[in-house]
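As you go down the protein sequences, you meet chains X and F in turn. So that you can map any letter, position 42 of the first sequence is 42 in my numbering, and since no number is skipped, the others follow by simple counting. So that you can map any letter, position 56 of the second sequence is 1056 in my numbering, and since no number is skipped, the others follow by simple counting.
Read the hints as simulated data drawn from the structure, not as lab findings. The model shown is predicted, which means the values in this text are computed figures rather than measured ones. C-beta: ideal position from N, C-alpha, C; glycine also. Heads up, a few of these hints could be off.
[To be verified] Now the in silico label distances, taken between C-beta atoms and shown as ranges:
id	chain 1	residue 1	chain 2	residue 2	range
1	F	1021	X	85	31 to 41 angstroms
2	F	1113	X	36	24 to 34 angstroms
3	X	47	F	1130	29 to 39 angstroms
4	X	5	F	1051	20 to 30 angstroms
5	X	6	F	1096	31 to 41 angstroms
6	X	85	F	1045	19 to 29 angstroms
7	F	1023	X	68	49 to 59 angstroms
8	X	36	F	1021	43 to 53 angstroms
9	F	1066	X	63	36 to 46 angstroms
10	X	85	F	1018	29 to 39 angstroms
11	F	1002	X	14	14 to 24 angstroms
12	X	63	F	1080	15 to 25 angstroms
[To be verified] Calculated pairs, DSS-like style, for lysine-lysine (alpha carbon to alpha carbon, straight line, at most 30 angstroms):
id	chain 1	residue 1	chain 2	residue 2
13	X	22	F	1050
14	F	1019	F	1050
15	X	22	X	61
16	F	1019	X	61
17	F	1111	F	1050
18	F	1111	F	1019
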Amino acid sequence: MLISPDVVWHSGGHNPLSGDYKGLDETLGLFARFFEITGGDMRQELHDVLASDEHAVALLKQHIGRSDGRSYDGNDVHVFHITDGRVTEFWAHPGDEAASDAVLA
Amino acid sequence: MTEHPNVAATRAAIEAFSKGDVEMMAAGLADDAVWHIPGSNRFSGEFRGKQAVLERFRQLGAAGLQTSIDEIHDVVGGDDHVVALVRLRLSSADASATANAVWVMHAADGKMLEFWGLNDNQGEIDRVIG
């Protein structure tokens, strides 16, 4: 398992999915909620990945689509705090927070 | 892990900036640098060219706003990109706000070519800047 059972997952922005999810169960629940509201219309294209001993940072092109036609395409940044080879904390930073919030609202 | 030269240069530039040494930071900017400042405040937007970027810093200072760095949490990078995780503080005469900021920089030939700032507390930052 790459994600620690005690992970804290920070979902950025100000939308119904934003907030801090504590532990693996809450985090997997968030993933399920994302899948549910997008109908699976989510894509990520990795641009670059950078790392130090404690952090990994992914630069990615994020696509989120909704069944009513709303969509978000942004240059997002995902920051992972890594401890003993596992993700213990995660922050998602949308490249355009207002646009991301509008699609996830 | 050995630090990439772009990481060492960026760390030094941020440390210089945090001590108010804008000239040292400016030395690391490409002449055609593009700076993307997030949010919905009077200084948000895209600034093209080294002179426009430096002018924006001058205007922030002239407006009585101070950008300071409480902590350089980590700097990661490679040949093309450097990302700095910093604890940022924006202060005016009567208010201040902090944010976990992610600074993404596109590097080329050892210079910073493009910069994107992302703050996790943009609403508060916008309110302090106005």
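Evaluation of the provided hints:
{"no.": "1", "hint": "F:1021 to X:85: 31 to 41 angstroms", "verdict": "38 angstroms, holds"}
{"no.": "2", "hint": "F:1113 to X:36: 24 to 34 angstroms", "verdict": "40 angstroms, violated"}
{"no.": "3", "hint": "X:47 to F:1130: 29 to 39 angstroms", "verdict": "33 angstroms, holds"}
{"no.": "4", "hint": "X:5 to F:1051: 20 to 30 angstroms", "verdict": "51 angstroms, violated"}
{"no.": "5", "hint": "X:6 to F:1096: 31 to 41 angstroms", "verdict": "32 angstroms, holds"}
{"no.": "6", "hint": "X:85 to F:1045: 19 to 29 angstroms", "verdict": "41 angstroms, violated"}
{"no.": "7", "hint": "F:1023 to X:68: 49 to 59 angstroms", "verdict": "51 angstroms, holds"}
{"no.": "8", "hint": "X:36 to F:1021: 43 to 53 angstroms", "verdict": "50 angstroms, holds"}
{"no.": "9", "hint": "F:1066 to X:63: 36 to 46 angstroms", "verdict": "38 angstroms, holds"}
{"no.": "10", "hint": "X:85 to F:1018: 29 to 39 angstroms", "verdict": "32 angstroms, holds"}
{"no.": "11", "hint": "F:1002 to X:14: 14 to 24 angstroms", "verdict": "40 angstroms, violated"}
{"no.": "12", "hint": "X:63 to F:1080: 15 to 25 angstroms", "verdict": "22 angstroms, holds"}
{"no.": "13", "hint": "X:22 to F:1050", "verdict": "43 angstroms, violated"}
{"no.": "14", "hint": "F:1019 to F:1050", "verdict": "20 angstroms, holds"}
{"no.": "15", "hint": "X:22 to X:61", "verdict": "26 angstroms, holds"}
{"no.": "16", "hint": "F:1019 to X:61", "verdict": "34 angstroms, violated"}
{"no.": "17", "hint": "F:1111 to F:1050", "verdict": "11 angstroms, holds"}
{"no.": "18", "hint": "F:1111 to F:1019", "verdict": "20 angstroms, holds"}
Of the numbered hints stated above, those contradicted by the structure are hints 2, 4, 6, 11, 13 and 16, listed in ascending order.
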